[in-house]
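Protein chains: 2
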Amino acid sequence: MASVTKVVLSRPVTFVTGNAKKLEEVRSILGHSLPLQSHKLDLPELQGEPEAISKEKARLAAEKIKGPVLVEDTCLCFNALKDLPGPYVKWFLDKLGNEGLNNMLMAYEDKSAYALCVFSFATDADTEPETFMGTTEGIIVPPRGPKDFGWDPVFQPDGYEQTFAEMPKEEKNKISHRYRSLAKVKSHLEANYEFDIPSETDANNDSAGNDVEKDTPKKRKREEDDEAAHEETKHKKEEK
Amino acid sequence: MASVTKVVLSRPVTFVTGNAKKLEEVRSILGHSLPLQSHKLDLPELQGEPEAISKEKARLAAEKIKGPVLVEDTCLCFNALKDLPGPYVKWFLDKLGNEGLNNMLMAYEDKSAYALCVFSFATDADTEPETFMGTTEGIIVPPRGPKDFGWDPVFQPDGYEQTFAEMPKEEKNKISHRYRSLAKVKSHLEANYEFDIPSETDANNDSAGNDVEKDTPKKRKREEDDEAAHEETKHKKEEK
Chain A
1 MASVTKVVLS RPVTFVTGNA KKLEEVRSIL GHSLPLQSHK LDLPELQGEP EAISKEKARL
61 AAEKIKGPVL VEDTCLCFNA LKDLPGPYVK WFLDKLGNEG LNNMLMAYED KSAYALCVFS
121 FATDADTEPE TFMGTTEGII VPPRGPKDFG WDPVFQPDGY EQTFAEMPKE EKNKISHRYR
181 SLAKVKSHLE ANYEFDIPSE TDANNDSAGN DVEKDTPKKR KREEDDEAAH EETKHKKEEK
Chain B
1 MASVTKVVLS RPVTFVTGNA KKLEEVRSIL GHSLPLQSHK LDLPELQGEP EAISKEKARL
61 AAEKIKGPVL VEDTCLCFNA LKDLPGPYVK WFLDKLGNEG LNNMLMAYED KSAYALCVFS
121 FATDADTEPE TFMGTTEGII VPPRGPKDFG WDPVFQPDGY EQTFAEMPKE EKNKISHRYR
181 SLAKVKSHLE ANYEFDIPSE TDANNDSAGN DVEKDTPKKR KREEDDEAAH EETKHKKEEK
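These protein sequence lines map, in sequence, to chains A and B.
For the first sequence, counting from 1, position 48 maps to 48 in the working numbering; every step adds exactly one.
For the second sequence, counting from 1, position 119 maps to 119 in the working numbering; every step adds exactly one.
Honestly, I wouldn't trust all of these hints.
The list makes no distinction among identical chains, and a pair is therefore deemed to hold if it is satisfied within one copy or across any two copies.
In silico DSS-like cross-links for lysine-lysine, where the CA-CA straight-line distance does not exceed 25 Å [what the hints assert, rightly or not]: (1) Lys174 to Lys64; (2) Lys95 to Lys22; (3) Lys147 to Lys111; (4) Lys111 to Lys82; (5) Lys6 to Lys174; (6) Lys82 to Lys169; (7) Lys66 to Lys6; (8) Lys111 to Lys95; (9) Lys82 to Lys40; (10) Lys147 to Lys6; (11) Lys64 to Lys21; (12) Lys111 to Lys66; (13) Lys22 to Lys111; (14) Lys66 to Lys82; (15) Lys111 to Lys64; (16) Lys82 to Lys95; (17) Lys21 to Lys95.
These are calculated hints, taken from the structure and not from any lab test.
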């Protein structure tokens, strides 16, 4: 009954990433109700406000993919710096490391910050992309914990004594900016879109013929076995 | 004789700017040997290294203008921050002001920095743009002087006791990053290109039909009367 108001898409959603870990995380949260494939695209990275950057990225991606796309960006926003370094955090991290990020607040008493994840979904290049933001509030601290994932060592979420880097992955995933934005993506897509894709083969085809991780039954099994990530998502599934 | 090796352009160079002051400065330095018009374009601002940002901007501009273009970007690079904020300086200036720029170096003893101006010239969208960089070395200081031009109050060039904001304009123009990059543009264009533009009317026409400040005799007279800017350029002309 509800389906009559939904937009019907005849192609799976392409998540633009070359990062296998991100794809895994997104698939794990979105579940298999949504036909998803991934594609690495060399898109220009834009300057600007996070929402505008994300929308433009989705537009460019939809133009290249010629179908529905999902794009993701992450920002680290320091309140004392009026949300900077924000979308430019990766440059500061690359060049100055976590110590350098912490040093940016040396002149300020206010160490509060928020992690921001922005997803944009576009059905095609001519339709205004829809944007979903998730934030996690915290403070910036001298780096603590493993250094293998971005700026996690300097971000200590509110209500925790540990940095993102020190927290168990499943704990971080429950409160992360990425989880929160993806939860919005999921409920929006489920409420507003349905998929009518000609055949299983088509659904897993990559328009450009490369870089796609197929959504095979074997791959699904592997994901279901992945106990580390997204306990909360699993609980929700079990409740259904 | 030398002209046989030069590339002949049948259209004037479009300098991409909506800023009348910048256009005036560029015209004043490049002189009238180069047919120049201006056009304001709403181009995406990219993230990345300064040279790459500039080249991509020139490519996009040449694609839109369908003719030879000149684009300009300015960076402020702190040595202690491994050249950051660099191309993102405008965001830090907009949100945090000159005090905020100075505060970024609070954690570091090394206050040295350089101002960087990058011009790129592209004859068309399919030819690799040529890039010209000019730098001025200095130090970052607590803001001093008039606040009407960007980050000039925090930048004190080496060998001077004054910030860019405190210096007389003609003094700043002799040593500025913009002057130095434009001098390279000028000598390169004069050595490698010549213009054979059908008629005076065509030369001053804007391809898109708007936003162009015509290079009229009246305009030229106004520029020649402008004594404030580019003493050095004038001296060079007089020597010829």
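A quick look at each hint next to the structure:
1. When the C-alpha separation of Lys174 and Lys64 is checked against a cutoff of 25 Å, the pair qualifies neither within a copy, at 33 Å, nor between copies, at 46 Å.
2. With identical chains, the CA atoms of Lys95 and Lys22 are at most 25 Å apart within one copy only, with a shortest distance of 23 Å there and 31 Å across copies.
3. Taking CA atoms no more than 25 Å apart as the test, Lys147 paired with Lys111 passes inside one copy only; the shortest distance there is 20 Å, against 28 Å between copies.
4. Taking the shortest Cα distances, Lys111 and Lys82 sit within 25 Å of each other both inside one copy (12 Å) and across copies (23 Å).
5. In this homomeric assembly, Lys6 and Lys174 never come within 25 Å of each other (Cα to Cα): the closest approach is 29 Å inside a single copy and 64 Å across copies.
6. For the homomeric pair Lys82 and Lys169, neither the shortest alpha-carbon distance inside one copy (29 Å) nor that between copies (32 Å) is at most 25 Å.
7. When the C-alpha separation of Lys66 and Lys6 is checked against a cutoff of 25 Å, the pair qualifies only within one copy, where the shortest distance is 20 Å, while the shortest distance between copies is 42 Å.
8. Taking the closest pair of Cα atoms, Lys111 and Lys95 come within 25 Å of each other both inside a single copy (21 Å) and across two copies (17 Å).
9. Within a single copy, Lys82 and Lys40 get their C-alpha atoms no closer than 32 Å, and across copies no closer than 29 Å, so neither meets the 25 Å cut-off.
10. Taking the shortest Cα distances, Lys147 and Lys6 never come within 25 Å of each other, neither inside one copy (44 Å) nor across copies (54 Å).
11. In the homo-oligomer, the alpha carbons of Lys64 and Lys21 lie at most 25 Å apart inside one protomer (23 Å), although the nearest pairing across protomers, at 38 Å, exceeds that limit.
12. In this homomeric assembly, Lys111 and Lys66 never come within 25 Å of each other (Cα to Cα): the closest approach is 43 Å inside a single copy and 49 Å across copies.
13. In this assembly of identical chains, Lys22 and Lys111 lie within 25 Å of each other by CA distance neither inside one copy nor across copies; the values are 28 Å within and 38 Å between.
14. In this assembly of identical chains, Lys66 and Lys82 lie within 25 Å of each other by CA distance neither inside one copy nor across copies; the values are 37 Å within and 39 Å between.
15. Neither within a single protomer nor between protomers do Lys111 and Lys64 lie at most 25 Å apart by alpha-carbon distance, with minima of 41 Å and 44 Å respectively.
16. Taking identical chains as interchangeable, the C-alpha atoms of Lys82 and Lys95 lie at most 25 Å apart whether they share a chain (21 Å) or sit on different chains (6 Å).
17. Within a single copy, Lys21 and Lys95 get their C-alpha atoms as close as 23 Å, which meets the 25 Å cut-off; across copies the closest is 34 Å, which misses it.
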